[in-house]
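**Student:** The residues making up each chain are set out below.
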Amino acid sequence: MSTPYAKLPGWVEYGLIPLINLAVAFLVAGLVVLLVGENPLEAAYHLINGAFGRGEYLGFTLYYATTFIFTGLAVAVAFHAGLFNIGGEGQAYVGGIGVALACLWLDQTMPWFVVFPLAILGSAFFGAAWAFLPGWLQAKRGSHIVITTIMFNFIASSLMVYLLTRVLKPLGSMAPQTRTFAEGGQLPKLDWLLAIFGLNVGTAPFNVSFLLALVAAFCVWLLIWRTKLGYEMRTMGHSPSAARYAGMSESRITVITMMISGGLAGMMALNPIMGEQARMQLDFVQGAGFVGIAVALMGRSHPAGIIPAAVLFGMLYQGGAEISFEMPSISRDMIVIIQGLVILFAGALENMFRPAITRLFTMQSRRAAVVTQTKGA
Amino acid sequence: MDFFHVIVVLLESTIRVSVPLIFAALAGLFTERAGVFDIGLEGKMLGAAFAAGAVAAVTQSVWMGLLAAILISIALSLVHGYASITQRGNQIVSGVAINFIVAGSTVILGEAWFRQGGRTPALGEGSRFQTITFPYADSVREIPILGPIYSDLLSGHFLLTYVAFAMVPISWWILYRTRFGLRLRAVGENPGAVDTAGISVLWLRYRAVICCGILCGFAGAYLSLAMTAGFVKGMTAGKGYIALAALIFAKWRPFNIMLACLLFGFLDALAIRLQGNPLPLIGQVPVQLMQALPYILTVILLAGFIGKAIPPKAGGVPYVKER
Numbered sequence: 001m002s003t004p005y006a007k008l009p010g011w012v013e014y015g016l017i018p019l020i021n022l023a024v025a026f027l028v029a030g031l032v033v034l035l036v037g038e039n040p041l042e043a044a045y046h047l048i049n050g051a052f053g054r055g056e057y058l059g060f061t062l063y064y065a066t067t068f069i070f071t072g073l074a075v076a077v078a079f080h081a082g083l084f085n086i087g088g089e090g091q092a093y094v095g096g097i098g099v100a101l102a103c104l105w106l107d108q109t110m111p112w113f114v115v116f117p118l119a120i121l122g123s124a125f126f127g128a129a130w131a132f133l134p135g136w137l138q139a140k141r142g143s144h145i146v147i148t149t150i151m152f153n154f155i156a157s158s159l160m161v162y163l164l165t166r167v168l169k170p171l172g173s174m175a176p177q178t179r180t181f182a183e184g185g186q187l188p189k190l191d192w193l194l195a196i197f198g199l200n201v202g203t204a205p206f207n208v209s210f211l212l213a214l215v216a217a218f219c220v221w222l223l224i225w226r227t228k229l230g231y232e233m234r235t236m237g238h239s240p241s242a243a244r245y246a247g248m249s250e251s252r253i254t255v256i257t258m259m260i261s262g263g264l265a266g267m268m269a270l271n272p273i274m275g276e277q278a279r280m281q282l283d284f285v286q287g288a289g290f291v292g293i294a295v296a297l298m299g300r301s302h303p304a305g306i307i308p309a310a311v312l313f314g315m316l317y318q319g320g321a322e323i324s325f326e327m328p329s330i331s332r333d334m335i336v337i338i339q340g341l342v343i344l345f346a347g348a349l350e351n352m353f354r355p356a357i358t359r360l361f362t363m364q365s366r367r368a369a370v371v372t373q374t375k376g377a
Numbered sequence: 001m002d003f004f005h006v007i008v009v010l011l012e013s014t015i016r017v018s019v020p021l022i023f024a025a026l027a028g029l030f031t032e033r034a035g036v037f038d039i040g041l042e043g044k045m046l047g048a049a050f051a052a053g054a055v056a057a058v059t060q061s062v063w064m065g066l067l068a069a070i071l072i073s074i075a076l077s078l079v080h081g082y083a084s085i086t087q088r089g090n091q092i093v094s095g096v097a098i099n100f101i102v103a104g105s106t107v108i109l110g111e112a113w114f115r116q117g118g119r120t121p122a123l124g125e126g127s128r129f130q131t132i133t134f135p136y137a138d139s140v141r142e143i144p145i146l147g148p149i150y151s152d153l154l155s156g157h158f159l160l161t162y163v164a165f166a167m168v169p170i171s172w173w174i175l176y177r178t179r180f181g182l183r184l185r186a187v188g189e190n191p192g193a194v195d196t197a198g199i200s201v202l203w204l205r206y207r208a209v210i211c212c213g214i215l216c217g218f219a220g221a222y223l224s225l226a227m228t229a230g231f232v233k234g235m236t237a238g239k240g241y242i243a244l245a246a247l248i249f250a251k252w253r254p255f256n257i258m259l260a261c262l263l264f265g266f267l268d269a270l271a272i273r274l275q276g277n278p279l280p281l282i283g284q285v286p287v288q289l290m291q292a293l294p295y296i297l298t299v300i301l302l303a304g305f306i307g308k309a310i311p312p313k314a315g316g317v318p319y320v321k322e323r
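Going line by line, the protein sequences match chains G and F.
My numbering numbers the first residue of the first sequence as 1 and each following residue consecutively.
My numbering numbers the first residue of the second sequence as 1 and each following residue consecutively.
Only true hints are included.
Derived DSS-like pairs: lysine-lysine, alpha-carbon spacing no greater than 25 angstroms straight-line:
| hint | chain 1 | residue 1 | chain 2 | residue 2 |
| --- | --- | --- | --- | --- |
| 1 | F | Lys251 | G | Lys140 |
| 2 | G | Lys7 | F | Lys321 |
| 3 | F | Lys313 | G | Lys140 |
Bear in mind the hints are in silico, worked out from the structure with no lab data behind them.
This one's a predicted model, so the numbers in the text were calculated from it and none came from an experiment.
Let the sequences and hints guide you as you build the complete structure.
**Tutor:** Given below as structure tokens:
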């Protein structure tokens with residue numbers, strides 16, 4: 001696509017413009033709060049306090065952030081190759097099978113550090129497998145990846161309902177979930193990490209998968225900017241025809257990218273299943289796959305942007321729960337609105353304020369040039 | 001005649017669940033034929049259903065409800081249009097955003113205004129659509145075969161049901177027999193050519209998006225004013241996506257859309273009917289498989305195994321006038 005906009009300094013491109021977009025999204029959300037008849041500033045206070053006010057709150061915020069780092073990275077990896085993986089939700093859901101199988105198999109005999117690597121592999125495998133078919137269909141049969149991944153979300157949801165109500169449910173139980181895992185299927189909390197800062201994690205399920213998420217973020221950075229495959233992915237994302245002329249195999253890159261993306265989305269399942277519930281439940285993903293879209297857009301598809309964006313959404317989820325507790329008329333659905341607004345302003349309308357900012361900066365640099373000229377004279 | 005009776009009942013519920021799909025899929029037809037992809041059908045339908053339920057409950061008028069549904073749906077369409085036509089943003093991102101904004105705000109506003117757990121108040125007789133009974137429907141019911149078909153299958157539906165089926169030939173006529181329709185289709189295939197002819201690509205696309213808004217408004221109004229008496233949170237429950245699937249399954253053609261929607265509606269009705277009842281020959285079919293079938297069929301079609309679905313050429317690409 002042609003970029004009709006002048007080049008801006010890096011801090012404006014990656015700092016100021018996303019911040020302005022975010023601020024506008026929150027302003028509009030504030031209007032909704034006003035419309036409901038509540039005070040937006042009070043809501044903001046409860047949000048921040050509810051997310052960071054106590055060690056336990058921070059623990060919950062980071063627990064949610066862990067989930068969103070995985071799904072955000074999943075969307076971002078696909079974005080780099082010019083693919084829109086809207087199926088993170090389904091891939092994470094199916095990825096849960098891998099986690100559940102590893103736990104059900106070994107939880108009573110093995111310690112967590114043996115089960116965990118297997119669960120990682122399992123979740124990544126199932127997530128990647130669920131993304132393989134849309135990727136393959138796009139590469140070989142030309143079916144649009146957005147549509148197929150949407151369809152696969154629904155198919156995944158039906159499949160998981162079937163598995164959880166018929167196959168994975170213990171005999172004699174009514175609830176659509178697996179049995180509760182023993183010690184070996186539960187991840188240790190990161191209470192020591194917060195204890196360094198003198199905070200008490202309390203009941204928050206902030207667990208080891210957070211560290212895995214950080215490792216995954218680093219690996220994604222390595223992959224995208226330091227490997228041949230990453231270079232090919234970015235080339236294809238910028239210009240598929242350039243990639244083709246350079247002799248890169250479009251279909252190979254598409255399939256591999258989608259599988260990496262699906263694998264990352266699948267790994268999200270570790271956090272709620274092994275880190276919190278110690279069992280696989282119906283709908284454990286709870287929209288995290290879609291939050292990943294907002295996180296990737298806000299983080300500009302860079303791991304260094306995705307982590308803070310994920311923490312921001314973790315804050316919204318945890319603080320949002322606190323708001324609905326303090327201000328009953330603002331339920332947790334407020335988060336869904338904010339999520340939508342962030343996607344709208346940071347994604348679809350990302351260029352809305354760009355012309356004005358560009359004008360501002362070109363004017364300023366021209367004025368600076370004039371000043372130096374007059375000084376020189 | 002028992003088997004025949006079951007079929008009539010099944011077809012009758014097929015028609016009932018297909019109506020919102022037909023409206024929404026035709027709505028998608030207008031924008032996608034003009035080159036604007038629309039993932040936001042679900043959100044627009046939900047927003048319209050909420051507006052219809054809320055306004056009909058307050059004004060006690062079904063027509064005000066319908067009007068509100070259409071206006072809200074057009075407004076949401078224009079947001080999508082502004083983002084994807086004027087700002088040249090990513091059309092899929094914009095559609096996803098609209099779905100989220102609507103899903104959240106219908107619950108928040110509904111709870112704030114009516115305090116019934118995200119519902120709007122139940123609508124009485126005068127503030128919702130009533131079924132229409134054809135003349136002599138009761139007296140001819142006893143006639144074998146034709147009687148039940150006339151009085152149960154053709155008669156006894158809501159006004160909007162007949163409007164939905166009428167919209168199919170009307171949409172066809174607009175798209176294939178009017179100047180507007182020709183230009184609309186052209187703008188989805190080759191906007192440059194349309195621009196060269198001195199016709200504004202942007203304005204044409206905006207008009208397509210407005211048409212989409214009107215039809216999604218009907219779809220939403222049907223859900224909350226006819227199918228049920230009032231709005232329930234999340235009541236579209238993926239119908240917008242099924243409509244999208246139907247649109248693709250129908251290869252972006254009006255009459256195929258009607259058939260695809262009826263097929264998907266039939267699967268839905270059958271899934272409800274078969275819940276717990278084994279099928280002859282096949283045995284027990286999991287409900288989940290029936291529910292997933294529309295999506296599976298669409299994937300298979302998209303993969304090119306049942307004919308080839310070729311989307312409008314310029315779909316998803318924002319138009320930039322000068323290079």
